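Numbering (our numbering), first residue to last: 1426 to 1812.
Hint data in this document are derived by calculation from the structure and do not stem from the laboratory. If you're wondering where the values come from, they're calculated on a predicted model, not measured in any experiment. Some hints here could point you the wrong way.
Within a straight-line C-alpha distance of at most 25 Å, the following computed DSS-like cross-link-like pairs (lysine-lysine) qualify [what the hints assert, rightly or not]:
(1) Lys1653 to Lys1671
(2) Lys1671 to Lys1646
(3) Lys1719 to Lys1764
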Amino acid sequence: MHVLRNADLSREEMQRYARHLTLPDVGLSGQRKLKAASVLLVGAGGLGSPLGLYFAAAGIGRLGIVDDDVVDETNLQRQVIHGSAAVGKLKVESAAQRIADLNPHVEVITYPFRFNAEQALALVADYDIVVDGSDNFPTRFLVNDACVLAGKPNVYGSVYRFEGQASVFDTRRGPCYRCVFAHPPPPGAVPSCAEGGVLGVLPGIIGLIQATETIKLIIGKGDPLIGKLLLFDALEMRFATLSIAKDDACPVCGINPSITQVREEEAQCDISPDSSQTRSDPDFEITPQSLRAKLDSFEPIEILDVREPVEREIATLRNTIEIRVDDLSEHLSELPRDKQIVAYCRTGVRSARAVQLLRNAGFERARSLAGGINAWSETVDPSLTRY
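Kindly produce the complete structure, drawing on both the sequences and the hints.
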């Protein structure tokens, strides 16, 4: 482990951590281990918020935080390390300020950029443990591969809607993330939390499990989630634990690995509005301003809302056909073939999927509203709620 020059505790620290010092499985030696430890936190969002707060409160000596995003109002429902005053600020800076107020004895190092293949190995090598608080598959695979190649434990967590999961991947004692999830899902197979939603308290629950596992690793106590995948269902308030095994055919930690250096995964968990199809076909999307102009000139256009019904209660465009993207293939007969069709969702992700499906079914004039209803709200009709 990375050892700080002085892991002794000051008088003030002895008071601060008194409840740890009287805990038999922590005590003074365990608290010194926490102070001597270094943890790299990938992500300062939903999972990263409770992780950062409780790492600081526990007295982990050196904490690195990687995130290139800024705080948005939509983050505040679950990203509790940030406050309203931090909207528009870099998440790493907002998190560092909150941690400094919570525990000035913690050294915080901020990395205001996306966790990427160019810097992944160097970052991971400088810390004892890596905790994955990311929200997308490419980053999870990149974190995993860097940890395997550097021989570092990877404390994993993920959340979606009402469900979450957590594990500890350490190939010195068990499987890695790729042993369980060999490859990212195909584009469009899994919507992001932004598109699918997430219960605000869920990242707190999973993040605290990750924090607990990290502290256990540092102090060397308890039975970590190595070789186990913990599943949580908030609606049923139910936990389940699955046994997971090391895969000898794993491409990164198996007997004959094919991945010997970190690389960026090209597959995304969502279809991105700037996908290759969009770039190669300028008519795949239409901007809100262009759509507004066409509607004002009474061009025959059918507007197709492919969102979930609950989203339509927040904001909606007028005179639309409402068909969820997942139900679209069963309702193609309800759509006119003699008109232009413009599909829209929240940000343009699901509508891109819808347009691909429609074009494959012969609706050659189908287009996706670039940026979705949020872009329409920002550029055309600010009276609509952005969510």
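- prompt: Of the hints stated earlier, which fail here?
  reply: Hints that this structure does not satisfy do not exist here, as all of them hold.
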